[in-house]
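Chemist: Sequence:
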Amino acid sequence: MSDSGKFQWTVVVLTCQHKDSVYAFQRELELRQQRGSLSPGSLVLTVRDRQEPLGSGGGDAERSAGRC
Numbered sequence: 003m004s005d006s007g008k009f010q011w012t013v014v015v016l017t018c019q020h021k022d023s024v025y026a027f028q029r030e031l032e033l034r035q036q037r038g039s040l041s042p043g044s045l046v047l048t049v050r051d052r053q054e055p056l057g058s059g060g061g062d063a064e065r066s067a068g069r070c
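3 is the number of the first residue of the sequence shown in my numbering; add one for each residue after it.
Mixed in with the good hints, there may be bad ones.
Pair by pair, the computed Cβ-Cβ distance ranges are [to be verified]:
| hint | residue 1 | residue 2 | range |
| --- | --- | --- | --- |
| 1 | Q10 | Q53 | 30 to 40 Å |
| 2 | F9 | Q53 | 31 to 41 Å |
| 3 | R52 | Y25 | 26 to 36 Å |
| 4 | L33 | T12 | 12 to 22 Å |
| 5 | S23 | L45 | 25 to 35 Å |
| 6 | R37 | V15 | 31 to 41 Å |
| 7 | Y25 | Q53 | 14 to 24 Å |
| 8 | Q53 | Q28 | 19 to 29 Å |
| 9 | F27 | Q53 | 13 to 23 Å |
| 10 | R37 | T12 | 10 to 20 Å |
| 11 | R52 | V13 | 14 to 24 Å |
| 12 | E30 | Q10 | 16 to 26 Å |
| 13 | F9 | Q36 | 12 to 22 Å |
It should be emphasised that the hints constitute simulated quantities derived from the structure, not laboratory data. Predicted, not measured: the structure shown is a model, and the values here were computed from it. For each residue, glycine too, the CB sits at the ideal point set by N, CA and C.
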């Protein structure tokens, strides 16, 4: 945690079901970063999901975190 009591994320990855949403969500993450909701040093990435949905996404998050 930082001195302000907020957790400082180093990387934020958002997956989108539709490819048309990727740009809009990336822009939203960048705006939140500019407004101070996300650390200015965080890497923000938005990517499209695979073609076929696989569950709720919890497994993907666990894999991304290296817990599987």
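Chemist: Each hint needs a verdict: does it hold in this structure or not?
Modeler: For each hint, the structure was consulted:
Distance hint check: the CB atoms of Q10 and Q53 are about 34 Å apart, consistent with the given range 30 to 40 Å. At about 33 Å, the beta-carbon gap between F9 and Q53 stays in the expected band of 31 to 41 Å. Under the hint 26 to 36 Å, the C-beta atoms of R52 and Y25, about 19 Å apart, miss the expected range. As the Cβ distance of L33 to T12 is approximately 19 Å, the hint placing it in 12 to 22 Å holds.
Here the CB-CB span from S23 to L45 is close to 19 Å, at odds with the stated 25 to 35 Å. For R37 and V15, the hinted distance range of 31 to 41 Å is not satisfied, since their beta carbons lie about 20 Å from each other. The given range of 14 to 24 Å is respected by Y25 and Q53, whose C-beta atoms sit roughly 19 Å from each other. At roughly 20 Å, the beta-carbon separation of Q53 and Q28 lies within the given 19 to 29 Å, and the hint holds.
In this structure the supplied range 13 to 23 Å holds for F27 paired with Q53, their Cβ-Cβ distance being about 18 Å. For R37 and T12, the Cβ-Cβ distance of about 19 Å falls inside the hinted range of 10 to 20 Å, so the restraint holds. Judged by the Cβ atoms, the range 14 to 24 Å given for R52 and V13 holds: they are separated by roughly 20 Å. Look at E30 against Q10: about 19 Å separates their beta carbons, and that is inside 16 to 26 Å.
Between F9 and Q36 the CB atoms are about 19 Å apart, so this pair conforms to the stated range of 12 to 22 Å.
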